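S.K.: Make the full structure from the sequences, and use the hints.
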Amino acid sequence: MEIQITDGIVRRVRGGQGAPMNTLSIQARTVANFLPLLCQRAGAKIVHNSDANYTGIRFDTHAGPVVLEMPTGDGPYRLVHELIEPDKTGRTEVELRRFPQIYKPQGIAHITAEFLRSRGFLR
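Position in the sequence shown (first residue = 1) + 153 = this note's numbering.
Treat the hints loosely; a few may be bogus.
Claimed, not checked - Okay, derived cross-link-like pairs now, SDA-like style, lysine to any residue, Cα gap no bigger than 25 Å in a straight line:
| id | residue 1 | residue 2 |
| --- | --- | --- |
| 1 | K257 | L191 |
| 2 | K198 | R272 |
| 3 | K257 | L236 |
To be verified - Pairwise CB distance ranges (calculated):
| id | residue 1 | residue 2 | range |
| --- | --- | --- | --- |
| 4 | N186 | P239 | 32 to 38 Å |
| 5 | I158 | I179 | 14 to 20 Å |
| 6 | P239 | F187 | 31 to 37 Å |
| 7 | G260 | G161 | 16 to 22 Å |
| 8 | G273 | I158 | 16 to 22 Å |
| 9 | G161 | E248 | 22 to 28 Å |
| 10 | I156 | V247 | 29 to 35 Å |
| 11 | D160 | F187 | 17 to 23 Å |
| 12 | I156 | L191 | 17 to 23 Å |
| 13 | G260 | T176 | 16 to 22 Å |
| 14 | T176 | P239 | 17 to 23 Å |
| 15 | N175 | E235 | 19 to 25 Å |
| 16 | K257 | G226 | 17 to 23 Å |
| 17 | S271 | N175 | 14 to 20 Å |
Honestly, the hints are just simulated from the structure, not real lab data.
The structure presented is a predicted model; accordingly, all values stated were derived computationally and were not measured.
Ideal placement from N, C-alpha and C gives every residue a C-beta, glycine not left out.
M.R.: Written as structure tokens, this is what we have:
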């Protein structure tokens, strides 16, 4: 399933109709195809967030949403835990890990799944 967020409005993209077709979207779909069943059970969704300026894969974990953000340019993949409410310092997200772009989509999917599983985000 894909979700698009624009101007604070969240809408579901059904059947790929109206979904963005840029390199980040294609990359997110490719990585999502290789995610193991454990991640799919956690409600993995592709998110195109124009407000926060990222495209990624969102996992609904018991500790809150975790997003694997697709890299822009030469930057790394970012695994970010989005906080439901800001903490004492005002942060709304916590970066958990970065992955360099040297890995193939299968490797990114595997590294992400194992990181979330080993840290207790997925059961």
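S.K.: Hints the structure violates: just list their numbers, smallest first.
M.R.: 3, 7, 8, 10, 11, 14, 17
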